[in-house]
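J.: In case you want the letters, here they are:
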Amino acid sequence: MNVEKVVTRNWGKPGQNTLQGYKQGGGYAQLKKALELTPDAVVAEVKKSNLRGRGGAGFPTGLKWSFVPKDNPKPKYLAINADESEPGTAKDRFILENDPHSLLEGIGIACWALGAHTCYIYARGEFKYPSAVLDKAIAEAYRDGIFGKKLMGKDGFALDVYQVRGAGAYICGEETALLESLEGKKGWPRLKPPFPAVVGLFGCPTVVNNVETIASLPPIFEKGAEWFAKLGAEKSGGTRLVTLSGAVKRPGTYEVAMHTSIKDLIFDAEYGQGLPNGRKVKAVIPGGSSAPVLTADEIDVKLEFDAFKPLQSMAGSGGVIVLDDSTCAVRSLWRVARFYAEESCGQCTPCREGQPWMARLLRKIEEGRGETKDLETLMGVAKSIAPWPPIGLGNTICALGDAGALPVQSFVQKFKSEFEQHIAQHRCPYGDKPWGHYGDFA
Amino acid sequence: MSDLFTADERARFDAGLSELLSHYPADRKRAAMLPVLRLVQSLKGWIPPEAMKLVAEKLETTPERVQEVATFYVMFHTQKPGKYVIDVCTNLSCSLRGAEGMLAYLERRLGTKAGTNGDKYFLRETECLASCGTAPCLQVNEDHHENLDKAKLDKLLETLT
Ligand SMILES: Cc1cc2nc3c(=O)[nH]c(=O)nc-3n(C[C@H](O)[C@H](O)[C@H](O)COP(=O)(O)O)c2cc1C
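Those protein sequence lines, which keep their order, are chains A and B.
Using the numbering used here, the letters of the first sequence correspond one by one to residues -17 to 424.
Using the numbering used here, the letters of the second sequence correspond one by one to residues 34 to 194.
Possibly wrong hints are sitting among the right ones.
Computed cross-link-like contacts, BS3-like style, restricted to lysine-lysine with a CA-CA straight-line distance of at most 30 Å [claimed, not checked]:
| id | chain 1 | residue 1 | chain 2 | residue 2 |
| --- | --- | --- | --- | --- |
| 1 | A | Lys415 | B | Lys183 |
| 2 | A | Lys110 | B | Lys116 |
| 3 | B | Lys113 | A | Lys167 |
| 4 | B | Lys183 | A | Lys110 |
Because the hints were derived from the structure by calculation, they are not lab data.
Please build the complete structure, drawing on both the sequences and the hints.
T.: Here it is in structure tokens:
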């Protein structure tokens, strides 16, 4: 497939996660370059690059930055979302582990553009090793005079960068819950508007961006916004990281072109190499477990952000989970539903009550105790949280409601006969053995 | 308060606290809540009620606010955990690659049930740990282990003495 490496360009090179190694490869030259431009010119470059947020929503990064009010006298903040908790997603941790300085250089560029003098990197609490690498990199950058009173020696522009570690709560990946957590509270999302760009951390204008988004900035300034835009497809610039998991021969985290299809990702020799043991694709969850499921007929779709719209699904966080034809759809969905039930923060009634209710109904059906009316109830509960299609009609403060309701509706709609079979036969047609054809823990 | 920390722990707490407070605006002490609770847990192994009072005082908030945070986040222990906290991811990507069997195997080997806190082991199911392409995975006292198979797991278990 021969994809130009952007975010992974330094991965695996020895010493690359140290300042010395990063500088030897030309690191921090782009921050220097950006500091010679006006902040407005930096924002314009980012807009031109068609960089879109890699946290899940694919929101145009330059546009988000331009929402920060210029005339607001309050301090401005940058918050980096390193909470990476959407099931199926494992990419940001590898940036932290392999190339932390490209994130830090990107932070310098972004803070200059935004006029922010403080950046908090919110890393999920379970990231002991990635956080240790990042802490070391931050300390190196201070020692070298990159951060601190003068950003890269720039007179009059101070930048402080701190890592804050979470403590185990999926909800804190949602940008306003993240801000609450940064303020030392439980992670309860805020009503929007106002959006964080206007009223964010400590009531001040704040931009929240994903790790991969910001780590893409140095290459954009090295090779140019046009290069980055052209590398992408349609209105999605650059390449992207995807995590391939489940029923493939070669699971892993890969940098792919925006025009790579899910099908290629699963079958290409450089990526998944197909399914083991002659199994066939039954379904694919394309963008983290909250993305509506696709059937085997729907996987010829590009991993670019807008390509999923006609399918009423989303590219999301790039977590591609492959289910093979020996895997039960009901059980898979039950597992997904348990997650959202567990992680609902408890603030909004439809989500707090509805997610566990859906998980209970799915368990009942999977265990052969389901009744015909349960399917109707299940769909009714899901719709009351967030009717689908289309995506985006949720009745809750944040999209965690949608994240749990979309999988349910898409699975039931696309694999209805399997749910009905469970109910009619009073058992799971796939049996009740522990899962995992690939494990050997018998 | 005097019996919460040893002299050495006290010194480490005070030093850590003043460093952490310097990361936030002076009128936003409460913002240091998560890092300070993490600091307490690193010193004591958990977050006892007296510590919540101390943290409240230092961050100029109430013990109720501290407790609210300490109980919201699953990584904070408000009960003393066993010597080895073993968090096994059983989310979809890990389950498709044997996590359920791995959990059952651990229950047998360790003679415990997932979700029960014992003196030696606290085995828990946990949610996705960002190891989906390197599944199955687990963490022992926050150390991450991935691409696990039986041989690797057996070797790991031998180190838990
Ligand atoms: C329930 C929920 C969980 C989320 N988790 C994450 C996450 O772990 N990491 C992330 O970058 N974005 C996550 N997001 C998206 C963020 O709210 C936000 O859109 C993103 O951090 C913005 O960065 P970007 O524009 O660079 O993508 C989540 C959103 C929701 C609704």
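J.: A separate judgement is required for each hint: does it hold in the structure or not?
T.: Okay, the hints, checked on the actual structure:
1. Restraint check for Lys415 (chain A) and Lys183 (chain B): the C-alpha separation of about 18 Å stays at or below 30 Å, so the hint holds.
2. For a cut-off of 30 Å, the pair hint linking Lys110 (chain A) to Lys116 (chain B) stands: about 18 Å separates their Cα positions.
3. For the hint linking Lys113 (chain B) to Lys167 (chain A), the alpha-carbon distance of about 23 Å falls within 30 Å, and the restraint holds.
4. Taking the CA atoms of Lys183 (chain B) and Lys110 (chain A), the gap is near 24 Å; set against the 30 Å cutoff, the hint holds.
Violated hints for the displayed structure: none, as all numbered hints are satisfied.
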